[in-house]
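Protein chains: 4
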Amino acid sequence: MNKSRLEAFSDGVFAIIITIMVLELKIPDDTSWISIRPLAPVFLSYILSFIFIAIYWVNHHHLMHTLKSVHASVMWSNMLLLFFLSFVPFVTGWMGKTNFDKTTVAIYGGLLISCGFSFTLLGNAIRKTYKGETKLSQAVAKSDKKGLVSTILYAASIPIALFVNPAISAVLFLLVSVMWLIPSKAIEDALADE
Amino acid sequence: MNKSRLEAFSDGVFAIIITIMVLELKIPDDTSWISIRPLAPVFLSYILSFIFIAIYWVNHHHLMHTLKSVHASVMWSNMLLLFFLSFVPFVTGWMGKTNFDKTTVAIYGGLLISCGFSFTLLGNAIRKTYKGETKLSQAVAKSDKKGLVSTILYAASIPIALFVNPAISAVLFLLVSVMWLIPSKAIEDALADE
Amino acid sequence: MNKSRLEAFSDGVFAIIITIMVLELKIPDDTSWISIRPLAPVFLSYILSFIFIAIYWVNHHHLMHTLKSVHASVMWSNMLLLFFLSFVPFVTGWMGKTNFDKTTVAIYGGLLISCGFSFTLLGNAIRKTYKGETKLSQAVAKSDKKGLVSTILYAASIPIALFVNPAISAVLFLLVSVMWLIPSKAIEDALADE
Amino acid sequence: MNKSRLEAFSDGVFAIIITIMVLELKIPDDTSWISIRPLAPVFLSYILSFIFIAIYWVNHHHLMHTLKSVHASVMWSNMLLLFFLSFVPFVTGWMGKTNFDKTTVAIYGGLLISCGFSFTLLGNAIRKTYKGETKLSQAVAKSDKKGLVSTILYAASIPIALFVNPAISAVLFLLVSVMWLIPSKAIEDALADE
Chain E
1 MNKSRLEAFS DGVFAIIITI MVLELKIPDD TSWISIRPLA PVFLSYILSF IFIAIYWVNH
61 HHLMHTLKSV HASVMWSNML LLFFLSFVPF VTGWMGKTNF DKTTVAIYGG LLISCGFSFT
121 LLGNAIRKTY KGETKLSQAV AKSDKKGLVS TILYAASIPI ALFVNPAISA VLFLLVSVMW
181 LIPSKAIEDA LADE
Chain B
1 MNKSRLEAFS DGVFAIIITI MVLELKIPDD TSWISIRPLA PVFLSYILSF IFIAIYWVNH
61 HHLMHTLKSV HASVMWSNML LLFFLSFVPF VTGWMGKTNF DKTTVAIYGG LLISCGFSFT
121 LLGNAIRKTY KGETKLSQAV AKSDKKGLVS TILYAASIPI ALFVNPAISA VLFLLVSVMW
181 LIPSKAIEDA LADE
Chain D
1 MNKSRLEAFS DGVFAIIITI MVLELKIPDD TSWISIRPLA PVFLSYILSF IFIAIYWVNH
61 HHLMHTLKSV HASVMWSNML LLFFLSFVPF VTGWMGKTNF DKTTVAIYGG LLISCGFSFT
121 LLGNAIRKTY KGETKLSQAV AKSDKKGLVS TILYAASIPI ALFVNPAISA VLFLLVSVMW
181 LIPSKAIEDA LADE
Chain L
1 MNKSRLEAFS DGVFAIIITI MVLELKIPDD TSWISIRPLA PVFLSYILSF IFIAIYWVNH
61 HHLMHTLKSV HASVMWSNML LLFFLSFVPF VTGWMGKTNF DKTTVAIYGG LLISCGFSFT
121 LLGNAIRKTY KGETKLSQAV AKSDKKGLVS TILYAASIPI ALFVNPAISA VLFLLVSVMW
181 LIPSKAIEDA LADE
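Line by line, the protein sequences give chains E, B, D and L. Be aware that the first sequence starts at 1, since it is given in our numbering, and climbs by one per residue. Be aware that the second sequence starts at 1, since it is given in our numbering, and climbs by one per residue. Be aware that the third sequence starts at 1, since it is given in our numbering, and climbs by one per residue. Be aware that the fourth sequence starts at 1, since it is given in our numbering, and climbs by one per residue.
No lab work stands behind these hints, which were simulated from the structure alone. Among these hints, one or two may not hold up.
When the alpha-carbon atoms are kept at most 25 Å apart in a straight line, the in silico DSS-like pairs for lysine-lysine are as follows [claimed, not checked]: (1) D:97 to L:3; (2) D:68 to L:3; (3) E:26 to B:97; (4) L:26 to L:97; (5) L:68 to E:3; (6) B:97 to E:3.
Anything over 10 Å on all C-beta distances counts as not near chain B; from chain E, calculated [unchecked claim]: (7) 6; (8) 8; (9) 9; (10) 17; (11) 32; (12) 35; (13) 40; (14) 47; (15) 55; (16) 67; (17) 98; (18) 148; (19) 151; (20) 155.
One side of the interface only, derived from the structure: several residues of chain B facing chain E at Cβ under 10 Å [stated by the list, open to error]: (21) 12; (22) 28; (23) 30; (24) 34; (25) 57; (26) 61; (27) 64.
For every residue, glycine included, the Cβ atom is placed at its ideal position computed from N, Cα and C.
All chains, please: the whole structure from these sequences, using the hints.
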């Protein structure tokens, strides 16, 4: 129905999430090393989450592009995605404040799985809105496969953070990010063919 | 006149309200149980209010869809709705911080009534903008009836919270939410028929 | 050139200003009268400023509606307006926190003059973008006269707050608000005639 | 592909950045000179950064106007620009809180270089989206030259802040701002010619 308003609302939430994260960087009282030092992990976690949200936005943008009509299922799976994304600033700040403590890294991994899961739900809901357009369906389905690989890696990051080393989990998060940096070529081609 | 700008402004306010609520989840200094424990009721009240704002957004989106022309009455009843919604983060945080204290639950019930009341006002103002389109009018009027039932349940939640048990009120809030999860089928049909 | 983007950016700033004001309502730790009492003036100043920003948005929306093309002068006078409006949450919170202290009420009056002045500048910049469309020009010019009356009342509110009684100034602010509640009928008629 | 959504998202981030900066102006408890005094440098740094963000928005708006199609390179260089801009509130608040301490002024200079650099990257990415449209290319390239001059002045401001006087650097920042206040006439002409 009114796809543009769904996009506008989502864009607003994305823009706010990505910007309020920086508010966790508490302004130090002076420029001494002691004051700046604790900011380093907060800064690192901010960069990680900025990339993460930016990737979601780009892929969301791509996925929405393929949307033909707005059903209740699309609206609510989109809300679920925004719900999980809205926790990113909190968990990011927590991970930074505790200097990448293993528990917070594991929770971050769990949050990423939840976001990925609801993104897959959204993809499924959108795919149901076009019938018979097989090429586009296949492209979105392919993108879902990338989602599956991400989920497995995120799931692995939780025990790794808790029992091996949270740093390895952080590297895993970055690896998954790199995989998503290039938006789905298949979707672009399918759209170009229409 | 310029319906899209009214929607854009409302979307902006909705997006900010739903996102700043999460700022009430204060980041704990460590990962101990003592630090995390007090977050549980804040977390619960956040989920409740997220659903609540999301439902308002979906229904607002539906109602606006039926708008034919922007009158001053539509603008100001929309502003009244946004005014009451802007208190949701404050009351949500308060309810969470005080572990669902009976007074805050009663105030939350009162806020929900105010939001519902101004949504009904908005519906009336919008209905006046189309003359003779009886099918759509009836559909919006039907949606108003759902609003009346909600108001009665919200009104009941106030004495229940104060004199019986705030938990019953919280369950009532959830029940009303479920009732609104599916946007008005009648409006969708009426729009489809046009 | 791209009027819609100017509107979108302005809408974003308006939406954020009107929503972050509520963050000044600090959540009390309990529900005792002692905890809630200091919130009363903050609450009152919030209502005043909400009405104030809402009126600006409605009138901005009307004024922009008459815009034919985006010149640098329109862009920068709009930026000046947003600059002054961005101080509203700060001065509102200050006025509330100090229980309508006379100095803060006088500063609030000064801020309102600055906002009104830059709104007039914007009106002038916009009027210059259409040549010979006399009816619309006259309507916008008429709206400028309402602005002049507001400025005189705001200017009067400053010495009244400082030397007589800040409460009288607050009443003056409300009076001016009422005057602006109804958007310019003249502009609407002129637009309808086109 | 969907240029309007890229603009909407960027507008959202710009609007939030420019507005949350004012949250660094902590509301004083009273109106005494001792309470207000420390706000002066914060206020000054806010004005400087407001102008700075406003200029970026105006130029971003101009540059995007020339965009023919959205490539991944445009999306990611835009994200890089937003990433650096998102640090402006933090560094602005820091510079204000430390009363324009030489280290923070140097960091502010470094941030301005990073923003300018990513803006140039964005310009290059956009220029690649139109082939053979030489007049527009030249206009954007000319705008890049202005960017080069800015970068040199910003680079100079860093050693000046650290070893000579941070006030001279602040004046340099203002000078560069003035240079950018008028959006590129060349781009406007090239667009008008099309």
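Evaluation of the provided hints:
1. D:97 to L:3: violated, 44 Å
2. D:68 to L:3: holds, 23 Å
3. E:26 to B:97: Roughly 23 Å separates the two Cα atoms, so the pair holds.
4. L:26 to L:97: holds, 10 Å
5. L:68 to E:3: holds, 23 Å
6. B:97 to E:3: Not OK: residue 97 (chain B) and residue 3 (chain E) at ~37 Å, beyond 25 Å, violated.
7. 6: violated, 8 Å
8. 8: violated, 5 Å
9. 9: violated, 5 Å
10. 17: Label violated. Min Cβ-Cβ 6 Å, cutoff 10 Å.
11. 32: Check passes; 21 Å lies beyond 10 Å.
12. 35: holds, 17 Å
13. 40: Holds, since 17 Å exceeds 10 Å.
14. 47: holds, 18 Å
15. 55: Its Cβ never comes within 10 Å of chain B, the nearest being 19 Å, so this holds.
16. 67: holds, 15 Å
17. 98: About 6 Å separates residue 98 (chain E) from the closest Cβ of chain B, which leaves it inside 10 Å; violated.
18. 148: holds, 27 Å
19. 151: Residue 151 (chain E) clear of chain B: closest Cβ-Cβ about 23 Å, beyond 10 Å.
20. 155: Consistent with the label, residue 155 (chain E) stays out of reach of chain B, its closest Cβ about 20 Å off (over 10 Å).
21. 12: Given a least distance of 6 Å, the restraint on residue 12 (chain B) holds.
22. 28: This hint holds: residue 28 (chain B) lies near chain E, its Cβ roughly 7 Å from the closest one there, short of 10 Å.
23. 30: holds, 6 Å
24. 34: With a minimum Cβ separation of about 14 Å from chain E (threshold 10 Å), the hint on residue 34 (chain B) is violated.
25. 57: holds, 6 Å
26. 61: With a closest approach of 6 Å, the residue 61 (chain B) hint holds.
27. 64: holds, 8 Å
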